[in-house]
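Residue numbers (this note's numbering): 1 to 275.
Careful: at least some of the hints might be erroneous.
[Claimed, not checked] Listed next, the in silico DSBU-like pairs over lysine-lysine satisfying Cα-Cα at most 30 Å (straight line):
| # | residue 1 | residue 2 |
| --- | --- | --- |
| 1 | Lys184 | Lys227 |
| 2 | Lys164 | Lys227 |
| 3 | Lys176 | Lys164 |
| 4 | Lys166 | Lys176 |
| 5 | Lys184 | Lys166 |
| 6 | Lys114 | Lys184 |
Read the hints as simulated data drawn from the structure, not as lab findings.
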Amino acid sequence: MAEFETWYAKSAKIKKTPQIVFHSLSLSLSLSLLTHQTIMNQDRPSNTLIPPMPKVDATTMTTTSTPPSLPMPLPIDQYRFTSVPPLQHDSQPSTTHPPNTQNDLLSRAGLSPKARLLVFSSVGCFWGFGIGAFIGGRQSGLQYLAENAHRLPTTVQGWYFYHKTKNYRVMLGGVKKGMRFAVKTGSLCFLYGVVEAGLDDIRGEADIINSVTAGVTTGAIFSTITKLSRGSFRYSMVFGALFGLATGGLSDLHKTVSGSPPSYIQWISDKTAKK
């Protein structure tokens with residue numbers, strides 16, 4: 001220790017560069033580590049003096065030292081090849097359920113009769129509300145102008161409240177008329193759907209014939225209830241027939257494209273193929 005202090009005092013008096021100081025400190029640190037290792041190994045025999053080794057877990061060495069045992073490859077004659085996808089044997093029970101043919105025959109555009117009735121009613125209600133709101137709003141606006149034609153405002157504030165009240169009357173009249181039209185058109189579309197579904201169930205098939213018949217029947221019932229004139233009665237029946245022709249034609253076209261055409265299209269295709 002005294003020698004180290006003497007050496008440090010002498011080195012402090014000499015102006016050294018930072019590189020020399022760094023090498024000196026590294027040398028002193030190496031000497032101290034060597035002295036510590038010598039003290040630790042002085043009680044051991046000379047043949048057991050080994051450099052320090054890092055501690056390793058025994059389980060880790062065991063697992064890493066022994067390689068995992070891999071299975072032996074099978075001979076070429078023991079390999080089994082299956083089809084892709086694998087075919088189902090007759091002994092195994094089938095997990096797929098057969099399609100319901102009756103529901104497929106009575107469905108239109110992939111919708112069952114109940115779902116179709118819901119769609120018809122909803123579309124009819126929205127359609128009727130839009131038409132009724134337009135007609136009711138226009139009638140309410142014209143009525144307000146007629147009622148206040150003799151007392152027009154004369155000030156800016158009076159004109160402001162005049163137009164504000166008119167807008168309120170237009171909106172209120174549109175909502176009232178729209179609700180009434182929504183109920184009427186929704187009920188009419190529901191009646192058409194019920195008649196069409198009943199004819200599909202009676203005939204056992206959903207095609208354009210049932211749709212046209214349902215349209216004509218619905219038009220006749222509507223004209224009878226509302227007591228329309230002879231010309232309006234004829235017009236309502238023609239409109240119902242055209243509506244049924246459009247919906248039934250689109251439904252049959254969808255079925256034909258899907259691969260399950262109606263019976264009359266199948267009959268026409270068979271006749272054409274024979275020729």
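We went through each hint and held it up to the structure:
With a CA separation close to 15 Å, the supplied pair Lys184 and Lys227 stays within the 30 Å bound. With a CA separation close to 39 Å, the supplied pair Lys164 and Lys227 exceeds the 30 Å bound. Proximity of Lys176 to Lys164 is assessed by CA-CA distance (about 19 Å); at most 30 Å being required, the pair is judged to hold. Our distance criterion of 30 Å between C-alpha atoms is met by Lys166 and Lys176, whose separation comes to about 16 Å.
For a cut-off of 30 Å, the pair hint linking Lys184 to Lys166 stands: about 27 Å separates their Cα positions. With a CA separation close to 20 Å, the supplied pair Lys114 and Lys184 stays within the 30 Å bound.
The structure fails to meet hint 2 from the earlier list, while all remaining hints are met.
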